[in-house]
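S.K.: The primary structure of each chain is shown beneath.
Protein chains: 2
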Amino acid sequence: MERHFEHDLEELKQRLLWMGSLAERAVHQAVHAVLDADEALAEAVLSEEDAINEMQIEIDDRVQRLLALQAPMAADLRFLLAVARINGDLERIGDQAVNISHSAMRILRHPQVKPYVDLPRMTELAEGMVRDSLNALVRGDQTLARSVMQRDDQVDRLRDQLFRELLTYMMENSSVVFSAFELVLVAKNIERIGDHATNIAEDVIYFVAGRDVRHPALDRR
Amino acid sequence: MERHFEHDLEELKQRLLWMGSLAERAVHQAVHAVLDADEALAEAVLSEEDAINEMQIEIDDRVQRLLALQAPMAADLRFLLAVARINGDLERIGDQAVNISHSAMRILRHPQVKPYVDLPRMTELAEGMVRDSLNALVRGDQTLARSVMQRDDQVDRLRDQLFRELLTYMMENSSVVFSAFELVLVAKNIERIGDHATNIAEDVIYFVAGRDVRHPALDRR
Chain A
1 MERHFEHDLE
11 ELKQRLLWMG
21 SLAERAVHQA
31 VHAVLDADEA
41 LAEAVLSEED
51 AINEMQIEID
61 DRVQRLLALQ
71 APMAADLRFL
81 LAVARINGDL
91 ERIGDQAVNI
101 SHSAMRILRH
111 PQVKPYVDLP
121 RMTELAEGMV
131 RDSLNALVRG
141 DQTLARSVMQ
151 RDDQVDRLRD
161 QLFRELLTYM
171 MENSSVVFSA
181 FELVLVAKNI
191 ERIGDHATNI
201 AEDVIYFVAG
211 RDVRHPALDR
221 R
Chain B
1 MERHFEHDLE
11 ELKQRLLWMG
21 SLAERAVHQA
31 VHAVLDADEA
41 LAEAVLSEED
51 AINEMQIEID
61 DRVQRLLALQ
71 APMAADLRFL
81 LAVARINGDL
91 ERIGDQAVNI
101 SHSAMRILRH
111 PQVKPYVDLP
121 RMTELAEGMV
131 RDSLNALVRG
141 DQTLARSVMQ
151 RDDQVDRLRD
161 QLFRELLTYM
171 MENSSVVFSA
181 FELVLVAKNI
191 ERIGDHATNI
201 AEDVIYFVAG
211 RDVRHPALDR
221 R
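Line by line, the protein sequences give chains A and B.
Quick note on numbering: the first sequence equals residues 1 to 221 in my numbering.
Quick note on numbering: the second sequence equals residues 1 to 221 in my numbering.
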């Protein structure tokens with residue numbers, strides 16, 4: 001029985017990682033649909049959306065079943081609760097990729113704002129955060145999880161810089177307002193992907209160390 | 001023992017509703033900081049942020065303790081899982097209110113875009129969705145939960161309309177680009193508040209009916 005449970009937990013983790021790889025790929029494709037003006041990539045993301053949503057439901061079902069049948073304690077319970085939360089974050093990362101793909105399609109129909117300022121760097125950072133948050137989960141690596149959390153500020157700084165540049169473009173040349181505006185939305189989506197990766201990293205620490213590291217500014221009484 | 005558990009569940013629900021009322025108030029104050037150009041309201045939201053974050057941690061702790069001690073089944077298990085998810089959504093609604101407050105403060109330092117187009121209507125809709133998603137939770141009311149889910153499309157339509165108007169402003173008059181841009185961010189935040197209310201409504205249905213209604217487009221095999 002105990003052994004069977006271990007097997008179920010391992011299988012659950014594998015499914016979650018599979019979902020993570022779907023979400024990662026969706027983000028990569030969506031952003032490159034924008035950067036490379038590649039509509040086929042945007043369409044690929046849209047056609048994969050259902051697969052991610054189905055995975056979310058499957059994983060939540062597994063968590064609920066294991067909670068009901070096994071009544072796990074301590075680390076196993078924390079793991080299951082962490083998986084439930086991470087699952088939600090991955091699904092939302094997939095949603096962001098879908099939003100970015102829609103933006104890509106709209107951008108393609110308008111004059112391009114060139115060059116795409118800091119978007120590639122911002123994207124690379126956010127993609128790296130998602131990847132490393134999942135690596136931290138696989139390895140139970142708190143140090144890696146903390147490094148993901150630290151990178152969130154860099155993403156926010158790049159977003160601010162990007163916003164400033166885009167605003168300047170818009171003020172100087174009203175013909176790029178539409179495209180620049182879409183890039184603002186894309187940057188917001190990438191920022192949120194970084195936020196979700198941060199959430200995942202926090203959940204990894206919660207699961208590994210049993211400590212809640214959300215809201216570090218709080219004075220824990 | 002059983003009776004004690006019922007009491008614990010009721011107390012948990014009351015705490016969640018209290019957290020909901022904090023989040024609701026934060027949204028209301030933040031948006032009115034923008035609409036009424038009232039900096040004190042924005043500051044009030046920022047000073048309440050910690051209280052919401054503390055509530056989130058407290059509620060997650062309660063959920064974890066009840067899962068560990070009571071090993072609940074069926075409806076009670078679903079209730080606890082729903083509370084954990086709703087808790088996350090309420091905290092993020094609080095985050096959106098904080099973002100809106102920061103926008104309000106920046107907007108106050110620039111020439112105003114008047115009138116604030118459809119922002120008041122969009123806000124009212126989103127606030128109503130949050131309120132009714134919590135009412136649906138209290139009453140276990142699936143019909144009300146579904147009406148919240150349906151209203152999400154209206155919020156998205158108002159957002160699109162608002163974006164079009166703001167883009168037009170920006171193209172016509174470069175001096176309002178900054179303020180219009182901040183209003184775009186505010187509208188994005190309000191849209192996300194509507195999304196979180198929709199998530200809460202979906203969780204209410206999951207808890208009451210035991211049915212997963214996220215992703216209605218999926219063909220459930």
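Hints are computed from structural coordinates only; laboratory data are not their basis.
The beta-carbon is built from N, C-alpha and C at its ideal position, and this holds for glycine as well.
It cannot be assumed that every hint is accurate.
[Said to hold, decoys possible] Away from chain A, derived, C-beta distances all over 10 angstroms, residues of chain B:
| # | residue |
| --- | --- |
| 1 | H7 |
| 2 | A84 |
| 3 | R85 |
| 4 | R131 |
| 5 | N135 |
| 6 | T143 |
| 7 | A209 |
| 8 | D212 |
[Unchecked claim] Heads up, incomplete: computed chain B residues facing chain A, CB under 10 angstroms, no partners named:
| # | residue |
| --- | --- |
| 9 | L41 |
| 10 | E43 |
| 11 | A44 |
| 12 | P72 |
[What the hints assert, rightly or not] Label pairs and their computed distance ranges (CB to CB):
| # | chain 1 | residue 1 | chain 2 | residue 2 | range |
| --- | --- | --- | --- | --- | --- |
| 13 | B | R157 | A | W18 | 33 to 39 angstroms |
| 14 | B | A40 | A | A209 | 38 to 44 angstroms |
| 15 | B | A68 | A | L17 | 24 to 30 angstroms |
| 16 | B | E172 | A | Q112 | 18 to 24 angstroms |
| 17 | A | A75 | B | E54 | 35 to 41 angstroms |
| 18 | A | R164 | B | D38 | 23 to 29 angstroms |
| 19 | A | L17 | B | I57 | 25 to 31 angstroms |
| 20 | A | R106 | B | A40 | 48 to 54 angstroms |
S.K.: Against this structure, judge whether each hint is valid.
M.R.: To see whether the hints hold, each was checked on the structure:
1. H7: Non-interface label on B/H7 holds, nearest chain A Cβ at 20 angstroms vs cutoff 10 angstroms.
2. A84: violated, 7 angstroms
3. R85: violated, 7 angstroms
4. R131: Holds: least Cβ distance 23 angstroms, greater than 10 angstroms.
5. N135: About 23 angstroms separates B/N135 from the closest Cβ of chain A, which puts it past 10 angstroms; holds.
6. T143: holds, 23 angstroms
7. A209: holds, 14 angstroms
8. D212: B/D212 is in fact no farther than 10 angstroms from some Cβ atom of chain A, at 6 angstroms.
9. L41: Violated: closest Cβ of chain A sits about 22 angstroms from B/L41, beyond 10 angstroms.
10. E43: violated, 17 angstroms
11. A44: Violated, about 18 angstroms.
12. P72: At 8 angstroms from the nearest chain A Cβ, B/P72 passes the 10 angstroms test, so the hint holds.
13. B/R157 x A/W18: 33 to 39 angstroms: holds, 35 angstroms
14. B/A40 x A/A209: 38 to 44 angstroms: holds, 40 angstroms
15. B/A68 x A/L17: 24 to 30 angstroms: holds, 26 angstroms
16. B/E172 x A/Q112: 18 to 24 angstroms: holds, 22 angstroms
17. A/A75 x B/E54: 35 to 41 angstroms: violated, 25 angstroms
18. A/R164 x B/D38: 23 to 29 angstroms: At 26 angstroms between Cβs, range holds.
19. A/L17 x B/I57: 25 to 31 angstroms: holds, 27 angstroms
20. A/R106 x B/A40: 48 to 54 angstroms: Violated, since A/R106 and B/A40 (Cβ atoms, about 39 angstroms apart) do not stay within the stated range.
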